[in-house]
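With the hints as your guide, set chain B onto chain A.
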Amino acid sequence: MLKWLVIILVCIGLLKPITSVLNNSLSVETLNKISKYKDMLLKVLIGISAIFTCGILIWIIGYIIINGIGLVNIEFLTTAPFKDEGGVLPMIVSTLWIVLLALIISTPIGIGAAIYLNEYAKPGKIVNVIRFAIESLAGIPSIIYGLFGLIFFVTILKLSYSILAGAITVSIMVLPVIIRTTEESLKTVPKSYREGSLALGASKIRTVVKIVLPSAIPGILSGVILSIGRIVGETAAIYMTAGMVPNMPQTIMNSGRTLSVHLYLLAKEGISFEKAYATATVLIVIVAFINFCANKTAKFLNRNTVVK
Amino acid sequence: MNGNTLSGEIIQENDIKETEMKPKKDRKKITASDIYEIIAKIIFMMCASVAVLGVVVITVYIFAMGFPAILEIGIVDFVAGQKWLPSANIFGILPMIIGSVYVTIGAVIIGVPVGILTSVYMSEYAHKTVLKILNPAVELLAGIPSVVYGFFGLVVIVPIINDTLGGKGAGSSLLAAAIILGIMILPTIITTTKTALAAVPKKYKEGAYALGATKVHTIFTVIIPAAKSGVFSGIVLGIGRAIGETMAVILVAGNSVIIPEAITDPVRTMTANIAIEMGYSMGLHQEALFGTGVILFIFIMCLNVVLHFIQKREG
Chain A
1 MLKWLVIILV
11 CIGLLKPITS
21 VLNNSLSVET
31 LNKISKYKDM
41 LLKVLIGISA
51 IFTCGILIWI
61 IGYIIINGIG
71 LVNIEFLTTA
81 PFKDEGGVLP
91 MIVSTLWIVL
101 LALIISTPIG
111 IGAAIYLNEY
121 AKPGKIVNVI
131 RFAIESLAGI
141 PSIIYGLFGL
151 IFFVTILKLS
161 YSILAGAITV
171 SIMVLPVIIR
181 TTEESLKTVP
191 KSYREGSLAL
201 GASKIRTVVK
211 IVLPSAIPGI
221 LSGVILSIGR
231 IVGETAAIYM
241 TAGMVPNMPQ
251 TIMNSGRTLS
261 VHLYLLAKEG
271 ISFEKAYATA
281 TVLIVIVAFI
291 NFCANKTAKF
301 LNRNTVVK
Chain B
1 MNGNTLSGEI
11 IQENDIKETE
21 MKPKKDRKKI
31 TASDIYEIIA
41 KIIFMMCASV
51 AVLGVVVITV
61 YIFAMGFPAI
71 LEIGIVDFVA
81 GQKWLPSANI
91 FGILPMIIGS
101 VYVTIGAVII
111 GVPVGILTSV
121 YMSEYAHKTV
131 LKILNPAVEL
141 LAGIPSVVYG
151 FFGLVVIVPI
161 INDTLGGKGA
171 GSSLLAAAII
181 LGIMILPTII
191 TTTKTALAAV
201 PKKYKEGAYA
211 LGATKVHTIF
221 TVIIPAAKSG
231 VFSGIVLGIG
241 RAIGETMAVI
251 LVAGNSVIIP
261 EAITDPVRTM
271 TANIAIEMGY
281 SMGLHQEALF
291 GTGVILFIFI
301 MCLNVVLHFI
311 QKREG
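Protein sequence lines correspond, in order, to chains A and B.
My numbering numbers the first residue of the first sequence as 1 and each following residue consecutively.
My numbering numbers the first residue of the second sequence as 1 and each following residue consecutively.
Hint data in this document are derived by calculation from the structure and do not stem from the laboratory.
Some clues are possibly wrong.
[Stated by the list, open to error] Within a straight-line C-alpha distance of at most 25 Å, the following computed DSS-like cross-link-like pairs (lysine-lysine) qualify:
hint : chain 1 : residue 1 : chain 2 : residue 2
1    : B       : Lys215    : A       : Lys16
2    : B       : Lys203    : A       : Lys43
3    : A       : Lys296    : B       : Lys132
4    : B       : Lys128    : B       : Lys205
5    : B       : Lys168    : A       : Lys268
6    : B       : Lys41     : A       : Lys204
7    : A       : Lys43     : B       : Lys202
8    : A       : Lys36     : A       : Lys16
9    : B       : Lys128    : A       : Lys299
10   : B       : Lys215    : A       : Lys38
11   : B       : Lys128    : A       : Lys43
So that you can see chain A by itself, here it is in the shape it has in the complex (with noise of 0.2 Å):
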């Protein structure tokens, strides 16, 4: 294995040296010969590339929907899981609370943290603090937040496993994504607009609420929905922290398994992998309506911005 590795690399090492030894010894003819053909092929590669990318996705997507979408009917949707029967209903109730109360959390927070540092910090040390933070935090895998919410929110916390502490964790988790969003949205919003407000003599804040934010709504929006998509995708976070119990949840406090969880312990035990199709051609629809739908409102921002 090792040994292949380092085979690999001497030959990338070696390229360049035997490249420039052909160029200084080769006629100029043949020199043009093989750039030529040197030129071909990369084309060749680039145009592979290019299907490669499509085609997987195709192959990816057009493969668990061909198998799943059959067993997807009402009753799939609407019954609770028994076994190897049954259907994802449990699955879809919790996978909403959590988005909907990781979303409660994370897009005031978001939106406020973006709103300072666009519109209030002065450059210098702490936006540079608070850039690096927000940096760290997009890098930081779903593992290490799944690891921190047992200890913290279900342990420290006593949250037990819950739908609250899953949601707590993934709104960590998404909150660099509604901060970022949210800046690129407030940026775009001309300066013209605050300045306009602020010599009708409208204060700092009324300008922010009154005037900034509804112009980035459209951004905003997108970014919100972004985050959507990545909380109902994410396993190793909630799977950690709200548990895997595929009950109806009564309250925000009992453990809940969303659906990819649920997909993830199908395939994982080799429960049902006619019911993992189906959950995954369920997940796919989800992901695909939500990309769908961030598009649409980015769009409306881009036309937005144009007009101005």
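Same frame as chain A, now just chain B:
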């Protein structure tokens, strides 16, 4: 004299004006709008500091839980130990570290060239109508949940590897994990590289064309080198995503605690180790899992610092 008295009067007038103004100003400071102003600023600042607080608290708790265990087991025994036998209180995570590194290298070998070339296609060759399909396709690729990738790998990639290459894990292998992760990091690399390529000034391209360079030559010797830091930050982000991925890897990697010798060998990553055993672990075993988290965290932090410096140099 006259002048002096005059100026004195003016000064006096100014004093009077100032004394008249001052109480007004003070009264104004007490008005509700100024208080709102300050409160609003404080609230917004608190929101922003939640991000900092989050990073600090997460770091502190992960280290506080994991580090004592690492010290108890012994740093060398923990990081360089080749055996992981929780029942015998032997905790060595070298196979997991190597597993994570190999899987990530594999993902980079598969994902980076394809990702960069695809973004080259999208920014230099693709027609507008093609982009209308490709852009949402890449976004969708980014949006598909990791567990769906894992499931796809389990039902498609793993059987294919089992049929063609065989191997100890019946297809569940380092190769399968690398392929799935390579696909998963594609959107990250494509979007960052595309942005970087789009930011290269048009002058560069025109200059290269004027010197008689072909389009392909221009792309690979002028545009990509000019967008180097963006491309690199894309790769680093991709590495971060690959090394931190959990569920997809668990489903396809086989999860045996061995140091892989062939690409068809099953492999367990650090993330998989945590997720698989956390459910039933107790005492030192659980702390050792947090210790695994600490090592993973150090890897990620190093990547973050590298990324920070790349982006700093860029802008």
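Consistency of the hints with the structure:
Annotation: proposed proximity of Lys215(B) to Lys16(A) holds, straight-line Cα distance about 22 Å (limit 25 Å). With a C-alpha separation of about 22 Å, the suggested pair Lys203(B) and Lys43(A) falls inside the 25 Å cut-off, and the hint holds. Distance restraint check for Lys296(A) and Lys132(B): the Cα-Cα separation of roughly 13 Å lies within the 25 Å cut-off, and the hinted pair is therefore satisfied. For a cut-off of 25 Å, the pair hint linking Lys128(B) to Lys205(B) stands: about 20 Å separates their Cα positions.
The suggested pairing of Lys168(B) with Lys268(A) holds, with an alpha-carbon distance near 19 Å, which does not exceed 25 Å. Proximity of Lys41(B) to Lys204(A) is assessed by CA-CA distance (about 10 Å); at most 25 Å being required, the pair is judged to hold. The suggested pairing of Lys43(A) with Lys202(B) holds, with an alpha-carbon distance near 21 Å, which does not exceed 25 Å. Annotation: proposed proximity of Lys36(A) to Lys16(A) holds, straight-line Cα distance about 18 Å (limit 25 Å).
Note on Lys128(B) and Lys299(A): the hinted pairing holds, with a Cα-Cα distance of about 16 Å set against a maximum of 25 Å. For the hint pairing Lys215(B) with Lys38(A), the CA-to-CA distance comes to about 12 Å; that is within 25 Å, so the pair holds. The straight-line distance between the Cα atoms of Lys128(B) and Lys43(A) is roughly 19 Å, inside the 25 Å bound, and the hint therefore holds.
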